[in-house]
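Engineer: Residues per chain are reported as follows:
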Amino acid sequence: MTTDELDPLIHVPTRLKIVATLAALPDGDALSFTRLQDMLGLTPGNLIIQLRKLEEAGYLSSEKTRNGSAQKTMVALTSQGRKALDAYTQALRGLLNGL
Amino acid sequence: MNPAPDTATTADNGGDFDPRQAAALLDQTTQQTRRRLEPAQPWLLVIRGVLVLAVFVAVWLNVRGQHPYRYPTAAVVPVPITFGVLNLVATLAVARRATAGVSGRSRLRRAEIAVLAVIWVGVFAVMGALAAAGVSDAVVYGWYPVTVPLIAAGLAWAGIMAARADWRACGTGLAVAVVGAAGVFAGPAGAWVVTGVGLCVTLLGSAAVIVWRQRRSVVQP
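Chains as they are written, first to last, in the numbering used here: chain A, 480 to 578; chain B, 336 to 556.
Simulated from the structure, these hints should not be mistaken for laboratory data.
It should be emphasised that the depicted structure is a prediction, and the values quoted were computed from it without experimental measurement.
Treat each hint with caution, since some may be false.
Stated by the list, open to error - Only some residues are given here: those of chain B computed to face chain A with a beta carbon under 10 Å:
hint : residue
1    : N397
2    : G436
3    : V554
4    : Q555
Said to hold, decoys possible - A short, non-exhaustive set of chain A residues, derived as facing chain B with CB atoms under 8 Å:
hint : residue
5    : H490
6    : A503
7    : L504
8    : G507
9    : L510
10   : L574
11   : L575
Note that beta-carbon positions come from the ideal geometry of N, C-alpha and C, so glycine has one too.
Bound-form chain B, shown alone (with noise of 0.2 Å):
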């Protein structure tokens, strides 16, 4: 560390500092902390579990009345890929904020990155290859891109956690792909409700978690 005195504002000490106040000053430094450097930020996951459930919805309300299922309109389908597109722009854009400065293991590793990225792009690939090979609309279009996505990206997201030691983003992970794995039961066109309102509980579920760990006391157990 290299030398800049500064004398003003060195003559602090802690002779009349108050065990009172130093426990505020504790408390309150260590919940500031913790907000700032979460990344994912719980008024975020708020609106993503409101939207997602709003977009799902609107999704299963294009779809219901169809037997033989075939897949969303047109007219629907931009809706889900705006979502998933927002959605990550503004997860990754807020994580970056409040990560800046920050190194270390909390950090995902260009490797955990690449698995993710895999995984993202695999699960898609082989829809285009179930559709290429004939599959049935109400597998390609329904049941596979809301249930698989899900399960491999949650049970991934749960691996990388769990390898972290990160409990609570573990379980996060776990709860998605149960929600997915819900809405393989629930039929092609009732997977879109079921896996809007799992995620949606898993999202305002998460956000109550972080916000209740960030006030936790430090000093009063």
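Extracted from the complex, chain A is given alone in its bound form (with noise of 0.2 Å):
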């Protein structure tokens, strides 16, 4: 087994930490751009970017809403999404038995 075999929209730290901290949140549940960032500790653009590319694989979803002049975007993490990090995880587990 080689790290080819690990997904490389994932195997990246900053989406991979993206990723493993949506994850984290119960199936269904949405988390905020602002807290996102607030616990990655990266800047917005680069959130932003990172976010995007997960978004055109189908691995995150995004949603805005507004309430009043505020304008709020939730970011929740796909079942393709979790299958990806499920298969990311095993792949990743038999490299490191395989080492």
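Taking the hints as your guide, dock the two standalone chains into a single complex.
Structural biologist: Below is the structure:
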């Protein structure tokens, strides 16, 4: 088994942290963009770029809600994203057992 | 998602990201997230467990010499009431902080909060009705306030959590109800110490389970 078998979309430190954070939420829960940013300590620009890549792959979904003048973006891992992280974790386990 | 380029921080890639580093990062991030989003913080559960034992034992020491049982004296009554209010405020504040920015199933719905509120108000309304009806002090100021709220609230909480498939919280609710039921058999004075010890054990056990779940590795089963 080689690192090529690890999902390249997840096998990047920043995106791995995003996916792991969202996966720790119960299924069906979402996290606000600002709380996610606070938890990961990323700049808004970097977080947006990484989220967009994961969203384009179908790994997460985002929803904008408006409360008066304030706009809030909620981010959640999709079932496809959870499956991808499970597969990534399995592959990682296999690699570590082979080391 | 609105585009907002940040070229200085987008150069990362997985090319030289070692699997061992990835496993460590995955575990570390998951464990940190579990800790930060946990509404029932273990340190608070431990403090509540110790305090509930101290408060209930203090009341028991106050009433154990009464023959027949009357009620806790005016000097002691404010202690459990103050503890109950502080406990509620601290628990809600910590849970609110932990779940800030979280939406979805893990937050209590209005209907669930209403059910819990009705139960709490209801049990004490019934207590007032019992007192007005002339039921003995041993029941109204002994058995009832120590056991019935625990049984009713514990079962309601267990039911709500079972509907959400949150089996740890469901187990905690059932344990609280069992503690309340055990108090029924201990007599009006003994109920205070039995439920105090039972709640302390339940809260400490719950804290231990939460810590264990938070530290569990996702990579190494």
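Engineer: If a hint holds in the structure, say so; if it doesn't, say that too.
Structural biologist: Against the structure, the hints:
Because the smallest distance between the Cβ of N397 (chain B) and any Cβ of chain A comes to about 43 Å, over 10 Å, the interface hint for this residue is violated. Taking 10 Å as the C-beta cut-off, the interface hint given for G436 (chain B) holds, the closest approach to chain A being about 3 Å. For V554 (chain B), the suggested interface contact is upheld, since its CB lies about 6 Å from the closest CB of chain A, less than 10 Å. Against a cut-off of 10 Å between C-beta atoms, the interface hint on Q555 (chain B) holds, since the closest Cβ of chain A lies about 7 Å away.
Using the Cβ-Cβ criterion of 8 Å, the hint placing H490 (chain A) at the interface with chain B is satisfied: the shortest such distance is roughly 4 Å. Satisfaction of the interface hint for A503 (chain A) is found here, the shortest Cβ-Cβ separation to chain B being roughly 4 Å, below the 8 Å cut-off. Interface restraint check: L504 (chain A) against chain B, minimum CB-CB distance 7 Å, threshold 8 Å, status holds. Residue-level restraint check for G507 (chain A) holds (minimum Cβ-Cβ distance to chain B is 5 Å; threshold 8 Å).
Satisfaction of the interface hint for L510 (chain A) is found here, the shortest Cβ-Cβ separation to chain B being roughly 6 Å, below the 8 Å cut-off. Given the 8 Å rule on beta carbons, the hint for L574 (chain A) holds: about 4 Å separates it from the nearest Cβ of chain B. Contact between L575 (chain A) and chain B, as hinted, is supported at the beta carbon level, the nearest pair being about 6 Å apart and thus within 8 Å.
Hint 1 from the list above is the single one not met by this structure.
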